[in-house]
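Undergrad: Could you put the whole structure together from the sequences, leaning on the hints where they help?
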Amino acid sequence: MSVSELSLDRDPSSRFVPWIVAALSLMCAIALGTAFALASMTADWGRAASDQVTLRVATGDTDIPALVDQVAQLDAVSRIEHLPREQVARMLQPWLGDVAQVDTALLPLPALIDVRLKPGANTTELRALIADRSEITLDSADAWLAPLQDLAGLARLVAWVLAAVAVGAIMLVTVFATRSALVNQRQTVDLLRLIGAADGYIAKRFQRHGLRLALVGGIAGTVPGLIVIFFATAAARLQGAALLNGLTPSLAGWLAIAALPLIVALVATFTARVTVLKLLRASW
Amino acid sequence: MQQQGTDGTGEPLVAMRNVGLRYGTGPEVLRDLDLELAEGSFHFLTGRSGAGKSSLLSLLHLSRRPSRGLMRVFGHDMQDMPARDVPVLRRRIGVVFQDFRLLDHLSAQENVALPLKVANTMDAERIDEIVRELIDWVGLGQQAQARPPTLSGGEKQRVAIARAVISSPRLLLADEPTGNVDQEMGERLMRLFVKLNSLGTTIVIATHDLSLPGQYGYPLLHLEDGRLTHESGGTA
Ligand SMILES: Nc1ncnc2c1ncn2[C@@H]1O[C@H](COP(=O)(O)OP(=O)(O)O)[C@@H](O)[C@H]1O
Ligand SMILES: [Mg+2]
Numbered sequence: 012m013s014v015s016e017l018s019l020d021r022d023p024s025s026r027f028v029p030w031i032v033a034a035l036s037l038m039c040a041i042a043l044g045t046a047f048a049l050a051s052m053t054a055d056w057g058r059a060a061s062d063q064v065t066l067r068v069a070t071g072d073t074d075i076p077a078l079v080d081q082v083a084q085l086d087a088v089s090r091i092e093h094l095p096r097e098q099v100a101r102m103l104q105p106w107l108g109d110v111a112q113v114d115t116a117l118l119p120l121p122a123l124i125d126v127r128l129k130p131g132a133n134t135t136e137l138r139a140l141i142a143d144r145s146e147i148t149l150d151s152a153d154a155w156l157a158p159l160q161d162l163a164g165l166a167r168l169v170a171w172v173l174a175a176v177a178v179g180a181i182m183l184v185t186v187f188a189t190r191s192a193l194v195n196q197r198q199t200v201d202l203l204r205l206i207g208a209a210d211g212y213i214a215k216r217f218q219r220h221g222l223r224l225a226l227v228g229g230i231a232g233t234v235p236g237l238i239v240i241f242f243a244t245a246a247a248r249l250q251g252a253a254l255l256n257g258l259t260p261s262l263a264g265w266l267a268i269a270a271l272p273l274i275v276a277l278v279a280t281f282t283a284r285v286t287v288l289k290l291l292r293a294s295w
Numbered sequence: 012m013q014q015q016g017t018d019g020t021g022e023p024l025v026a027m028r029n030v031g032l033r034y035g036t037g038p039e040v041l042r043d044l045d046l047e048l049a050e051g052s053f054h055f056l057t058g059r060s061g062a063g064k065s066s067l068l069s070l071l072h073l074s075r076r077p078s079r080g081l082m083r084v085f086g087h088d089m090q091d092m093p094a095r096d097v098p099v100l101r102r103r104i105g106v107v108f109q110d111f112r113l114l115d116h117l118s119a120q121e122n123v124a125l126p127l128k129v130a131n132t133m134d135a136e137r138i139d140e141i142v143r144e145l146i147d148w149v150g151l152g153q154q155a156q157a158r159p160p161t162l163s164g165g166e167k168q169r170v171a172i173a174r175a176v177i178s179s180p181r182l183l184l185a186d187e188p189t190g191n192v193d194q195e196m197g198e199r200l201m202r203l204f205v206k207l208n209s210l211g212t213t214i215v216i217a218t219h220d221l222s223l224p225g226q227y228g229y230p231l232l233h234l235e236d237g238r239l240t241h242e243s244g245g246t247a
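These protein sequences, in sequence, are chains G and L.
Those letters in the first sequence? Residues 12 to 295, by this note's numbering.
Those letters in the second sequence? Residues 12 to 247, by this note's numbering.
If you are wondering where the hints come from, they were derived from the structure by calculation, not from laboratory data.
Here a beta-carbon is modelled for each residue, glycine too, at the ideal position from N, C-alpha and C.
One thing to keep in mind: the hints can contain errors.
[Unchecked claim] Here are the simulated SDA-like pairs of lysine to any residue, each with C-alpha atoms no more than 25 Å apart in a straight line:
#1 128/L x 281/G
#2 289/G x 120/L
#3 215/G x 241/L
#4 215/G x 162/L
#5 215/G x 205/G
[What the hints assert, rightly or not] Here are some of the chain L residues that sit facing chain G, going by a computed Cβ distance under 10 Å:
#6 72
#7 95
#8 106
#9 129
[Said to hold, decoys possible] Simulated restraints, written as ranges between beta carbons of each label pair:
#10 190/L x 21/G: 52 to 62 Å
#11 211/G x 90/L: 32 to 42 Å
#12 23/G x 225/L: 48 to 58 Å
#13 219/G x 235/L: 45 to 55 Å
#14 75/L x 262/G: 30 to 40 Å
#15 262/G x 160/L: 49 to 59 Å
#16 160/L x 15/G: 17 to 27 Å
#17 15/G x 61/L: 52 to 62 Å
TA: See below:
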């Protein structure tokens, strides 16, 4: 006999549940997509920029070859290059016009030394070396990336909080819907208990009901969510600077978002079970 | 109180000592109950409307805990019984409610099958087999697929009885089982209970109709003002 003792399908209090779960799942999917996309983007920045620094030496009587030798001997340094004066002058082209027309020897150009660090190494040694030499400045991409990293980190945090709020709201909706379904079905539930149904047996009916509603709502919210994330990040990458190149969730991120309906369904199942068991236990 | 208790071989199926019941913070509707139901016994529970018959039955079918006093059912002290073990005890008690409490969205047959389905110890084919046999036995073969709202009072009563006995309970409780049916149907139902009792089921039938017990020789449990007086039936 496959007919259910509890006519939960016709329960009017659960009719709205898939819609709310869908809206919350959409919100959760977009929040997760944002968090994952920001994570890949900042990881991309880190890979590109962190092992490259430049030493800028103000014009003066510094012995550049000696400095290059000193720096090259540091453990953290893998490669070092003193940029030729012409190349430095070319960098000034946007400001000076055609440098070929200018006698670069007359310009007070700084000396630039490109330093590539070994993977995973940091700039502590290098900074110590130049600490008391005010004519030498260390430029690293980290300096201007750091605030952007912080900003992206904050945005990720906000996205995670939103995703968590959405999941919490799904739990609340499930609790309320389960409670009202239990109240509506009180007489049937009481009868089932009187003829010997264990609390777990009754909870299972409500669990299945919650699982079905949440799965439907979860799919209905997550699919449009995936589409929104795909087009929004693609549009940002197309229009934005090179900085936004990495703005798309990783494969693991996409899979995690695609699994959202299952996660939502499990959360609803668990919530419905706990809610029913708690209410039944209160009333032996 | 003579042979209400043990039958000499074992302890009574149900025993109450000094039991009281109140609803919420209201007055006690049952007071100082001392009661023993011997295995295989047949009792009428009588008393005016409002005397507490249904309340006493609700204690017996474990849908309420007594507010005070001691109660033993099938050899278990109910005071120490964890809630999770109660369903198994309830499956050995059949109840025919005064208002039947059939599920309107299920067929007669599905209603009768519920206790077996809920106990979850039998496969669907075996359940179907037992249900069909029992439905025939109570004379509802033609109405097996009907839903309760389309059945007459007597037919509902028989569905309710079939549901109460399907898991071969050791204790069968019936609340005013003849109250909603005509006299002929009432007599047929009583013959059903007598038959079940002769097969070993312990039976308690609550009724406000004092003429009913008079026709049978069974002992009376009489409730008045929430207190119990034991009286022998016609044979004593
Ligand atoms: N669920 C309940 N809540 C509060 N009072 C109740 C409840 N059920 C019964 N009573 C009260 O308990 C008393 C006994 O009722 P009941 O057991 O139904 O008597 P009977 O079955 O003999 O007519 C009555 O005064 C009734 O009002
Ligand atoms: Mg009553």
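Undergrad: State for each hint whether it applies.
TA: Evaluated hints:
1. 128/L x 281/G: Roughly 24 Å between the alpha carbons, so the hint for residue 128/L and residue 281/G holds.
2. 289/G x 120/L: violated (32 Å)
3. 215/G x 241/L: The given pair, whose Cα atoms are some 44 Å apart, is violated under the 25 Å limit.
4. 215/G x 162/L: violated (31 Å)
5. 215/G x 205/G: holds (17 Å)
6. 72: Holds, about 6 Å.
7. 95: holds (7 Å)
8. 106: holds (6 Å)
9. 129: Interface hint status for residue 129/L: holds (4 Å vs cutoff 10 Å).
10. 190/L x 21/G: 52 to 62 Å: Distance hint for residue 190/L, residue 21/G is violated at roughly 31 Å.
11. 211/G x 90/L: 32 to 42 Å: violated (24 Å)
12. 23/G x 225/L: 48 to 58 Å: holds (50 Å)
13. 219/G x 235/L: 45 to 55 Å: holds (48 Å)
14. 75/L x 262/G: 30 to 40 Å: Since residue 75/L and residue 262/G have Cβ atoms about 59 Å apart, the given range 30 to 40 Å is violated.
15. 262/G x 160/L: 49 to 59 Å: The hinted range 49 to 59 Å holds for residue 262/G and residue 160/L, with Cβ atoms some 57 Å apart.
16. 160/L x 15/G: 17 to 27 Å: holds (18 Å)
17. 15/G x 61/L: 52 to 62 Å: About 37 Å separates the Cβ atoms of residue 15/G and residue 61/L, which means 52 to 62 Å is violated.
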